[in-house]
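**Student:** Could you put together the complete structure from these sequences and hints?
So the sequence shown is numbered by my numbering: it starts at 1461 and just counts up by one.
Calculated cross-link-like contacts (lysine to aspartate or glutamate; reagent style DMTMM-like; alpha-carbon spacing at most 20 Å):
no.: 1; residue 1: Lys1600; residue 2: Asp1646
no.: 2; residue 1: Lys1627; residue 2: Asp1591
no.: 3; residue 1: Lys1606; residue 2: Glu1635
no.: 4; residue 1: Lys1600; residue 2: Glu1635
no.: 5; residue 1: Lys1606; residue 2: Asp1646
no.: 6; residue 1: Lys1600; residue 2: Asp1571
no.: 7; residue 1: Lys1551; residue 2: Glu1597
no.: 8; residue 1: Lys1551; residue 2: Glu1585
no.: 9; residue 1: Lys1649; residue 2: Glu1597
no.: 10; residue 1: Lys1606; residue 2: Asp1660
no.: 11; residue 1: Lys1600; residue 2: Glu1574
no.: 12; residue 1: Lys1600; residue 2: Glu1585
no.: 13; residue 1: Lys1600; residue 2: Glu1615
no.: 14; residue 1: Lys1551; residue 2: Asp1591
no.: 15; residue 1: Lys1627; residue 2: Asp1646
no.: 16; residue 1: Lys1551; residue 2: Glu1517
no.: 17; residue 1: Lys1600; residue 2: Asp1630
no.: 18; residue 1: Lys1627; residue 2: Glu1585
no.: 19; residue 1: Lys1627; residue 2: Glu1597
no.: 20; residue 1: Lys1527; residue 2: Asp1490
no.: 21; residue 1: Lys1551; residue 2: Asp1571
no.: 22; residue 1: Lys1600; residue 2: Glu1633
no.: 23; residue 1: Lys1649; residue 2: Asp1630
no.: 24; residue 1: Lys1627; residue 2: Asp1660
no.: 25; residue 1: Lys1600; residue 2: Asp1612
no.: 26; residue 1: Lys1527; residue 2: Asp1559
no.: 27; residue 1: Lys1606; residue 2: Glu1633
no.: 28; residue 1: Lys1551; residue 2: Glu1574
Just the calculated beta-carbon pair ranges, DEER-fashion:
no.: 29; residue 1: Arg1588; residue 2: Asp1650; range: 29 to 37 Å
no.: 30; residue 1: Gln1655; residue 2: Tyr1561; range: 34 to 42 Å
no.: 31; residue 1: Thr1501; residue 2: Tyr1562; range: 16 to 24 Å
no.: 32; residue 1: Pro1626; residue 2: Ala1542; range: 24 to 32 Å
no.: 33; residue 1: Lys1600; residue 2: Arg1518; range: 19 to 27 Å
no.: 34; residue 1: Asn1590; residue 2: Gln1655; range: 14 to 22 Å
For the record, the hints were derived by calculation from the structure and aren't laboratory data. Backbone N, C-alpha and C fix where the C-beta goes; we use that ideal spot for every residue, glycine too.
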Amino acid sequence: MTTRSSRWRAIFALLVPFWADYSFAELLADYPVSLSAADHTQVADLACRQPVGAIAERFDARRAVAKMANGSRPIFVYVICAPHSSMLGHKVKRIAQCDNYYGRWSCTAGDFLEYGAWPGPNYLELNRGNDIATDLEVVKSLLSIKMYRGHDLAELMNGQSCSLHPKSQDRWELECGVTTISVARDCTKDSCSYQPINIDIPLV
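**Tutor:** Here's what the structure looks like:
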């Protein structure tokens, strides 16, 4: 699974209710496009400048092959903004998913911790209420495990904007693109470790 394909699978998965006439596989078809100068500026403003006063560091714009009911084929843009702060010694960046699905540009964005892991970088969402130090320990532990049930965890997580969701005091679900990894904390008298206990990758 490539970073780009898994990222866009995640975006299209959110739109399935609006594309009822197409199979999920058809929705994955897309191709790269270049934004006009005006659109580029507007998306950069919505994603980066207005919320956090940063510039857009990376753009990935793609147009869907499948048409909407009205015949349009919207453009989806994945934006990574330049760092606007730091936390735990790591850069904090705003990452946004923007589209003109309804005829005007709109963005959904969040702040992510950029942490280094070859061949990274990787991104961890700063979820409100989470213990970010523990979140970072969990994801780094998964990367150190390498393989789980035949899957290369580093490959699944590399370059992704991942989000960790606590399910209990000792269990989490890590969402990276369309991949969900369930994690449990296993503690002995002297130390704790974090281990994957399940992995879900939808077949498309």
